[in-house]
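With chain A held as given, fit chain B onto it using these hints.
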Amino acid sequence: MITVTINRKKIELEKPVTILKAAGMAGIEIPTLCNHEMLEAYGGCRLCLVEIEKMPRLQTSCTQYVTDGMVVWTETERVVEARKAMLEFLLINHALDCPYCDKAGECDLQDMVAKYGPTTGRFAEGKRRHPESFEDPIIVRNMERCISCTRCVRMCSKVQGAYAISMVNRSNKTFVEPFSGGKYDCEYCGNCLTVCPVGAIMSRMHRHAYRPWLIEKEVDTVCSFCGVGCSMVLQVRGNSIVRAVPKKGAGSNKGLLCNRGRFGYDYVGSSGRLDSPMIKRDGKFQRASWSEAFTFIADRLKKIKDENGGSSIAGIASGRCTNEDGYVFQKFMRAVLGSNNIDSVASFGYAQAQRFFEGIFGQGVTANSMRGIPNSDGVFVVGGDPTAVNPVLGLQIRAASGKGVPVVAAGYMPGLMIFATSRLIPRPFTETALLSALVTELRDIKGISGKGPFDILINDIPSVSLGEAEEVCGIPSEDMRSAVDALSRMTNPSIVIGRDILQQPEGQACLLLLAALISLLNSRIYLLSELPNEQGLVDMGCLPDMLPGGRHLSVESFRRRYEEFFGVDIPSNPGMGIMEMIEAAHDKRIKALHVMGEDLVYNMPDSAYVKAALSKLDFLVVHDIFMTETAQLADVVIPSLSWAEKEGSYTNLERKMQLVRKAVEGKGMEEWRAVSEISKLLGFDMDYKSSVDIMTEIANVSPLHKDIAYADMAGGECMWPYKGEPLRHGMSLEGIEMPDKGSLLKKPEKDRIYIGIDKPLFHFENLSRNSAALSSIAPEPYMNVGKALADSLSLAGGDSVSVSTGTGSLKLSVQVDPDVPENSIMVPDNFGDKGAYTIMKWKMNSAIKAPVADATGVTIKKIKRAAEEVAV
Amino acid sequence: MLSENAVKEIGLIRNKYHDAQSSLLPALYVVQKEHGWLSPEALKEVGEILNVPKAEVKGVSTFYAMFRHRPIGRHLIQLCTNVACMIMGSESLLNILKERYGLEPNGTTGDGRFSLVVMECIGACGTAPAMLVDTDFHDNLTEERIVNILEKYK
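If you read the protein sequences in the order shown, they are chains A and B.
Each residue of the first sequence is one higher than the one before, counting from 327 in the working numbering.
Each residue of the second sequence is one higher than the one before, counting from 153 in the working numbering.
Any given hint could be a false lead.
Stated by the list, open to error - Simulated pairs of lysine-lysine, DSS-like, Cα-Cα distance not exceeding 27 Å:
id	chain 1	residue 1	chain 2	residue 2
1	A	Lys-629	A	Lys-610
2	A	Lys-509	B	Lys-206
3	B	Lys-206	A	Lys-1113
4	B	Lys-206	A	Lys-484
5	A	Lys-629	A	Lys-914
6	A	Lys-509	A	Lys-453
7	A	Lys-993	A	Lys-543
8	A	Lys-988	A	Lys-543
9	A	Lys-1113	B	Lys-196
10	A	Lys-1160	A	Lys-610
11	A	Lys-574	A	Lys-484
12	B	Lys-196	A	Lys-499
13	A	Lys-484	B	Lys-168
14	B	Lys-185	A	Lys-499
15	A	Lys-729	B	Lys-206
16	A	Lys-631	A	Lys-610
17	A	Lys-484	B	Lys-196
18	A	Lys-453	A	Lys-410
19	A	Lys-988	A	Lys-573
20	A	Lys-499	B	Lys-206
21	A	Lys-509	B	Lys-196
22	A	Lys-410	A	Lys-380
23	A	Lys-1113	B	Lys-160
24	B	Lys-168	A	Lys-729
Stated by the list, open to error - Pairwise CB distance ranges (calculated):
id	chain 1	residue 1	chain 2	residue 2	range
25	A	Thr-389	B	Tyr-169	22 to 30 Å
26	B	Arg-226	A	Ala-1122	26 to 34 Å
27	A	Gln-385	B	Lys-185	39 to 47 Å
The set of hints was computed from the structure by calculation and includes no laboratory data.
Idealized CB from N, CA, C, for every residue including glycine.
So here's chain A without its partners, still in its complex pose:
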């Protein structure tokens, strides 16, 4: 036990902490500028100086640890005098342009000078000049205000791991600068904005648009740009969002945000938002009243149902919608329309991977806290770049790496490359070779009991030697060997799996091999989730064969439970999956499609096919916030509310249920409300007054959500809402096909250039096109290509090329990245008609019911060299 006395207050401590922390525990505030709870102590600003008895000099309390019997004084005359002197020094080169500076009112320096500082300075030599830099689209740098506390640099390198900025020059000429001196070209997470104590690094988004004291309301909510669901605060003035900021210490993100979350909210206020229901008459959209639109929809759906049966109607939900929307929508499909044809794009990867792993290991196996990653003793990443798909989860992997934890990165993941201890980049679609070699080696090293049914299955996986794998996937044996060594030493590793691993011809084999690895390494599973509520869709039964709470439709007892609850029968046969629906629409086997918030044309592979299929429908309803390309094909469009305009809940990839709260008023209607209105007109009364009513119903009926209420979620730690109801067991190994060795060792075609989907950090589906901020960072589509392929095609960065497949062609600009797998290009799918999905052919993998890339090649033709572009 350590006893320390601070300002006459006795504090007892178990473990030694810094004086600053000890004082904080006792409620004694010590001023700091360079210290920040997300960063390591630095001891640079000298404001936290304190007087310690028996020590001749003042000490920085942020770095000095307490010892037993220490007596500390934090506000003596000597300390206050020293602080005043420090502030006088800091102000020598500070602009003191507070009346003009956006930071005024929430500026640490301003507050501190007001409290301790000198009213006049004695320095007569004039301040250094440093013009404000507007070279960046997002961040304004004003180095006349910088006090060199280095918080931004430490945040950028030690926490974010972007290493974009550094302190340049020396002594009084020191300032912060990105490498270019102007544009940042960084990850634009904006976490430097969070930590800057002054107005030196500011966002351009709301420059001179408001003052901190003019913010009328702060709304605690979660971000809607990926499955992590970072806690954030929306600051509102009038009816518009002024700023999105992280909530100190809250949620899984603990004060961090990424560029999408911080800057991407501006689509909410975009002028392109739908503001009225639209009915298409004679090929033209006409504004309609709500009741007119709902009556129109109800009449048409009723007619189609009466004539062709409920199974001719299908529904597609979106991972952007809340749990409440998802629940009501599936209830509408099942109980009102009598159709199990309900699915979403979650089935392209997330839901299918989860279903596979839960089938083997049991329900909830992927529900793991993200914060566990840096606490594990190894990380294996495969199937996508976590730092782009789920940026804040990616930071956990970087943090693990920073602690010296080995990180094995298998595949193209630029954001992890300098953090990975093993970088394994297989040739396109040869992950099976790599994974089977790893499984073979680890099976020998770890040994398996051979008792359990899954062990037997692992034993049956064909042996693949490192040499055989090398020949196929092109990774040197010694690299795989060192990865095996690293993996075999891990005792509680984390395996992070992205959806790319499924979207390949041998997707199911990849899942089986990963399951074997998970079992052999006894690891925790994390599934990357691109949408904010993919997990929620799964939990709410927006799947063709699952009821809310992750219960199989085919299990009669569960179906009965819901039938009794709904008061009607539910068809017992599983419905169609999303890909089947599109095919069925194409074949005119389904007549009507009800789409809740999904832009199918661009968020699904093969846009032309999807468009053609949707055009063949007798009736298409789309709820959306923008007139998307899918909405344009609809007969009725219902304007929805964005995530910032409604109440509800999201379930993140950790299965944490979190509240989404209304910050501003929108002109649309919540999906659940619109669907209930239509339902009423169809004779099924859904009388929900608010989203609370829906959650209450969910808590009553879903075994997974028993007794859950919004109050439980409000704390932000409502993980895995499960109160003793039995979960689904694992070990259902039926239907798992054992791949033969030939299919594991399939080589890529010679001379074929493969196209893969790049997941850019700066975009989110096709929604981010409506965000001016995100579009300004990454305005145009591109193609990432490896060095060897670029050289052989004589391409250089900045060239424009045309990339063609049998389906179409795209004009893209070239970016050379040495880590792109051999003979392949990576193209993002986020630019509407300029996205990769528009030219890629896909087919259905019947085993995992997910689309897989039809691995046909592309041809690349150079249009313009970079230099010519400049000349033009």
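Same frame as chain A, but now just chain B:
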């Protein structure tokens, strides 16, 4: 672009140190020896070779006064103007450089032959005034001597 030799030399330097950061200063010297200064491209390249983030390379290199971030002439004159040298006439030497070569402190001659940096004591007070030309040391300078010496550097 760094020469193959420089890349090789940096590789050897890297192997001498436990972490990449430690090898940064000697690696930057290699580049400066070859190019005379550190261009942004060179900083980036060094970062790539050593696997040190380029922003950090820039931060380190700009911290130290001995690294140059602007191109300089073929020969760098570092003339001391501190107290001892000043008393012994370094002012007139500066004038000579200006008259004869058009050379101002921190400037470069039009033909790219000389660059001039004014120094604060190079430890030769006993034999002042003194200067360094590249890495050669010259002291007891007079107006006549400095011209003779500089004529040897083409």
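Hey, Lys-1113 of chain A versus Lys-160 of chain B, does the alpha-carbon distance stay inside 27 Å? holds (21 Å)
Can you confirm whether the C-alpha distance between Lys-196 of chain B and Lys-499 of chain A stays at or below 27 Å? holds (22 Å)
Hey, Lys-988 of chain A versus Lys-573 of chain A, does the alpha-carbon distance stay inside 27 Å? holds (16 Å)
Is Lys-631 of chain A within 27 Å of Lys-610 of chain A, Cα to Cα? Roughly 25 Å separates the two Cα atoms, so the pair holds.
Can you confirm whether the C-alpha distance between Lys-206 of chain B and Lys-484 of chain A stays at or below 27 Å? holds (15 Å)
Tell me if the straight-line CA distance from Lys-410 of chain A to Lys-380 of chain A falls inside 27 Å. Holds, at roughly 23 Å.
Take the C-alpha atoms of Lys-509 of chain A and Lys-196 of chain B, compute the straight-line distance between them, and say whether it is at most 27 Å. Given that 27 Å is the threshold and the Cα spacing comes to 16 Å, the pair holds.
Just to be careful, I want the Cα atoms of Lys-993 of chain A and Lys-543 of chain A compared with a cutoff of 27 Å; is the pair within it? holds (20 Å)
Would the pair Lys-484 of chain A and Lys-168 of chain B pass a check requiring their Cα atoms to be no farther apart than 27 Å? Holds, at about 25 Å.
Cβ-Cβ distance between Gln-385 of chain A and Lys-185 of chain B: within 39 to 47 Å? Given range 39 to 47 Å: holds, Cβ gap about 44 Å.
Lys-1113 of chain A and Lys-196 of chain B: Cα distance at most 27 Å? At roughly 17 Å apart (the allowed maximum being 27 Å), Lys-196 of chain B and Lys-1113 of chain A satisfy the hint.
Ala-1122 of chain A and Arg-226 of chain B - C-beta distance against the hinted 26 to 34 Å: holds (32 Å)
Of the numbered hints stated above, none is contradicted by the structure.
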